[in-house]
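There are 2 protein chains.
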Amino acid sequence: MTEYLEMSAAVNELLAEDEILILCHKNPDGDTIGSAGALYWALRALGKTAAVLCSDPIPQMYNYMMLETYSRQFKPKFVVAVDVASMQLFGENNDMQEFSQNVNLCIDHHGSNAAYAYGTYLDADAAACCEILTELIPMMGVTIDPHMADCLYTGIATDTGCFRFASTRAKTHAAAATLMEAGANVEELNSILFESKSRARVEVERMALESLEYYFENRCAMVCLTKEQIAASGVPAAELEDITSLPLGIEGVQVGLTLRQQPLGSYKISVRTVRGIAANEIVTCLGGGGHGRAAGCEIEGMQENVKAAILREVERALKKLDEQGGELSL
Amino acid sequence: MTEYLEMSAAVNELLAEDEILILCHKNPDGDTIGSAGALYWALRALGKTAAVLCSDPIPQMYNYMMLETYSRQFKPKFVVAVDVASMQLFGENNDMQEFSQNVNLCIDHHGSNAAYAYGTYLDADAAACCEILTELIPMMGVTIDPHMADCLYTGIATDTGCFRFASTRAKTHAAAATLMEAGANVEELNSILFESKSRARVEVERMALESLEYYFENRCAMVCLTKEQIAASGVPAAELEDITSLPLGIEGVQVGLTLRQQPLGSYKISVRTVRGIAANEIVTCLGGGGHGRAAGCEIEGMQENVKAAILREVERALKKLDEQGGELSL
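If you read the protein sequences in the order shown, they are chains H and Y.
The opening residue of the first sequence carries number 1358 in this note's numbering; numbering runs sequentially from there.
The opening residue of the second sequence carries number 1358 in this note's numbering; numbering runs sequentially from there.
Any given hint might turn out to be false.
For identical chains, the list gives no copy identity; a pair is met inside one copy or between any two copies.
Taking lysine-lysine and the DSS-like style, the derived pairs with C-alpha atoms no more than 27 Å apart in a straight line are [said to hold, decoys possible]: (1) 1625 - 1554; (2) 1676 - 1554; (3) 1677 - 1664; (4) 1554 - 1677; (5) 1383 - 1434; (6) 1584 - 1383.
It is worth saying that the hints were derived from the structure and are not from the lab.
This is chain H alone, in the form it adopts within the complex (with noise of 0.2 Å):
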């Protein structure tokens, strides 16, 4: 069991030590990577001496970040994990299983964090882990620089779909408003975060849409990649995460499912649902979890078992809404 802490005890720990590993969770994305950032710097503010672990490669695109990675020369102290809810999501490559039993210090943001650290400061409202830390280094007693607003603002509008998602809240823009008084540069950000495409992410979602199909007079869109089309478009796997809301963008769609095949043959499927529809529970019965309205679970066999298995399940949340009276105003 992990002791929940105020977000001062939390920034007492940090400021009593020293010799710091920062942990982020594997398939790393925006805001694990951004938080690690913008707290590898803070604590270097304060002359502290600090390194990153992750247990997949930093994709390039953050390479902004300037982030020193862990080599085993760094013997930490004391360790802190970033965004990680749960010990599984550590992963197991390079040196993270050593590190990951014995966590000291979690901030988190994810409802589901496992408490699997000694303490642990979750803000379950918060959008990001990086807006967390938007108010928590400056408690630190360090000023936010330009080049710790970058890191900070890269997770909050990644995770927010650029302040898209029902995540958002007032905190999450008056957050961005901090950063960019900071001299986030916000505009750069966005072209590199969100405007450019690589020709290989293009040619995944030309895939996608070719894939695309409905089901239950379109109260359900799914998109399907098998691992021979996601290894020829040479997209990292991690980079096809937000593949998983195009289907529920589809006007009047209540269940979005993306099933992307991974290398050895079995279908990780995402489920988005509408207000009223809980994606969790679609997925309980094929031994997954999540949210209310993402969810996910990992079936074996061929695709058009496992397309058929998801769908049952799929049909029966329609069916449970329609006997309650139909969707719920979004």
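Given chain H's structure and the hints, the job is docking chain Y onto it.
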């Protein structure tokens, strides 16, 4: 010549007047309509009479603003224009001609504002007219209620591409935070404004990606839609405009071309370029025109000939850029 007003002077004019007509620009967007909506409800909250006039129909997607549109029973004593940069932008339908000649007050954020009103409040640094009104309405002594907040958020979100465009500043995010605190239904609005695409629209995107071709070592990307494809999709031609940003959004592409065949067979060509390549120069020889980064022309002929004609001009522009020492950094 107009008198440029402080915000407090603009507020005093609005407070002193009654029976106020609010004018929008033609082809109304979220900012002009949102501004009109918020101002209308703020004036109503003060017990005043008001109405909104636009020379084009207000798109149904904005119905939630519940505006009272002008009818001839209403005899305005004071005319306010919101988000209208010049006289020509009023359009000519309805009774607009009558009222647009004598605008008492213009509230705008366009640096190009033509100073056509008797009094003008201009903030050319504001990302949206609604950003200005988020500050102005409370100065009128009106508390922004959730409905006004919805109107104001609409203008800010649409004019900034949901906080992506370079016009977004710290104050823009601060305004969004204020509006969320005031009860704006941001989740629902983002879904209406940005997330939902019609099936027809998704089909057009699929066809566009399917047609995607690269030229000149991938420095030019071209999308081509035939009139049969456009007709089959059922998407109104006006809603295809933003497809034109697709090719230039691909990494490394310096010239993005979008060919849309018109009902009579000719091809409308949209040219988008990176900084350093003049889009309007590319189309000049083909009888077109436009701006430095976005231009267009229309050519008759077989698809292959049309493609060859525009590609010849693109090749010339790329050569010119190379001779000048390559692309200017974005």
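Each hint tested on the structure:
Taking the closest pair of Cα atoms, residue 1625 and residue 1554 come within 27 Å of each other both inside a single copy (23 Å) and across two copies (25 Å). Taking identical chains as interchangeable, the C-alpha atoms of residue 1676 and residue 1554 lie at most 27 Å apart only when they sit on different chains, with a minimum of 24 Å there against 39 Å within one chain. For the identical chains of this complex, residue 1677 and residue 1664 are intra-copy neighbours only, at 20 Å inside a copy versus 53 Å across copies, given an alpha-carbon limit of 27 Å. Taking the closest pair of Cα atoms, residue 1554 and residue 1677 come within 27 Å of each other only across two copies (26 Å); inside a single copy the shortest separation is 39 Å, beyond that limit.
In this assembly of identical chains, residue 1383 and residue 1434 lie within 27 Å of each other by CA distance solely inside one copy; the values are 22 Å within and 64 Å between copies. When the C-alpha separation of residue 1584 and residue 1383 is checked against a cutoff of 27 Å, the pair qualifies only within one copy, where the shortest distance is 20 Å, while the shortest distance between copies is 46 Å.
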